[in-house]
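Enquirer: The lines below spell out each chain.
Protein chains: 2
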Amino acid sequence: MTIKAFVFDAYGTLYDTHSVAAATEAAFPGHGDYITQVWRQKQLEYSWLRTAMGRWQDFRAVTRDSFEYTLATLGLTADPATVDRLVSAYDRLTPYPEAAEALRSLGPYRRAILSNGSQPMLDSLVRNSPLNGLLDMVISVDPKRVFKPHPHAYELIEERLGVAPEEVVFVSSNGFDIAGATSFGLRVARIERVPGDALRTELTGGPIGPAAMFKALRTQPERLGCAPAAVIRALTALPDLLGRGVFGRGVF
Amino acid sequence: MTIKAFVFDAYGTLYDTHSVAAATEAAFPGHGDYITQVWRQKQLEYSWLRTAMGRWQDFRAVTRDSFEYTLATLGLTADPATVDRLVSAYDRLTPYPEAAEALRSLGPYRRAILSNGSQPMLDSLVRNSPLNGLLDMVISVDPKRVFKPHPHAYELIEERLGVAPEEVVFVSSNGFDIAGATSFGLRVARIERVPGDALRTELTGGPIGPAAMFKALRTQPERLGCAPAAVIRALTALPDLLGRGVFGRGVF
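If you're matching them up, the sequences are chains A and B in order.
For what it's worth, our numbering labels the leading residue of the first sequence as 216, then goes sequentially.
For what it's worth, our numbering labels the leading residue of the second sequence as 216, then goes sequentially.
Worth flagging that the hints you see were computed from the coordinates, not collected in a lab.
Only a predicted model underlies this, so the values are computations on that prediction, with no experimental measurement involved.
All the given hints hold, so there is nothing to weed out.
Put simply, identical chains are the same to the list, so a pair is met inside one copy or across any two.
Calculated pairs, SDA-like style, for lysine to any residue (alpha carbon to alpha carbon, straight line, at most 25 angstroms): (1) LYS430 to ALA293; (2) LYS430 to ALA236; (3) LYS430 to PHE243; (4) LYS359 to TRP271; (5) LYS430 to GLY247; (6) LYS430 to HIS233; (7) LYS219 to ASP338; (8) LYS219 to SER320; (9) LYS430 to GLU240; (10) LYS219 to GLU382; (11) LYS430 to HIS246; (12) LYS219 to LEU457; (13) LYS359 to SER398; (14) LYS430 to ALA452; (15) LYS430 to ASP280.
Work the whole structure out from these sequences, hints included.
Expert: In structure tokens:
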């Protein structure tokens, strides 16, 4: 079977969600790190819980609700303009350093995003970034009214891009997404953003704060019975993966 | 409409999940607090993700997988007997101090548990505890092959206990469960195990460690569009709630 497309998760895979930290720290001095970590964690939780409950709302609403939850834990509130400004920080995330080069090198293939973000969030995100022009399609889960890792979300790849699941390499750093895509039948490359040994050093070398707790919860291989086909340490390793004719297990 | 039954969540509502901390600390000295918090958080995440993915496994398996994930973040492993022993700590949790008295005082009503725990886990949990004999029924989500907050889980109350949703007061400390039960149509009392002002003091008074992060993520009112009908600070407030003929908002 020939690979025809590379489909990428956005948040945490092509774009660094922690690039909101400067904005949260500027708005809430001394609390930026805590807010950034709890906000992202609750944003994910709300997407999973709304999917399980059958009460989908788009990712902009989920991002706003999780931000307000996070502020409330500190006894803080913010006026609507501040909330809007912070939430829209998700429209201006910084891509990972190697993302543009990796997308360029995959030019012969279809290149797309499949993300939980709402279509307007994703369109702004790409337009505001150096990845603009390097993607053939930016696909939001919006029309399915569920979030990844629900299988309906991954159906959009075939429906929108016209490629069969077995013709796709799906790339994500997010354990839940790796499990969901693998479970759906895609060939998945896990991009390892925090190596296990680096995390272990951080967890055993001193006090465990919000950033270390976030990494502990979010960056390590999940035990959900759906291991990825390959593990890479940089997106630029993707062409080599194909060049070797392999899509087996290993770190490239 | 007459209330006929009180249905309780088990983990965090009648029983304190942090009572596993002594066992984790004894097995992994110096890591007990971290392991206890991350384990419980991942246990919940795996239940939500497996529900969203349509890949249910019972809560014993989820509890084991999340425990092994947690150990792996520290670079630790454990032999199968140790894993079994730690996982079975969830069969011997300590009830909250007021739980038995509260159940006794609700004697005129049907009293049941509806929990994500597997039936064997729950049967052991109750049998090993002073709540044994104080419950008319212990209901696991097992037959539905989804976890709370999926609506199918809450259908079990009517199917097993023979009471309509509007005849039930459902009691939980867990935000996802409060949202799921409210969304399903039950009258929900939220038991507040960590008051907001206590959490704020903890988060702003010094370094934020694993226990504070857990409380920040898990104990405050969720923003999922499904607020509970009432908030209580002890389970023993439940008869008074009914006695007042109210099930409106407020802290009792």
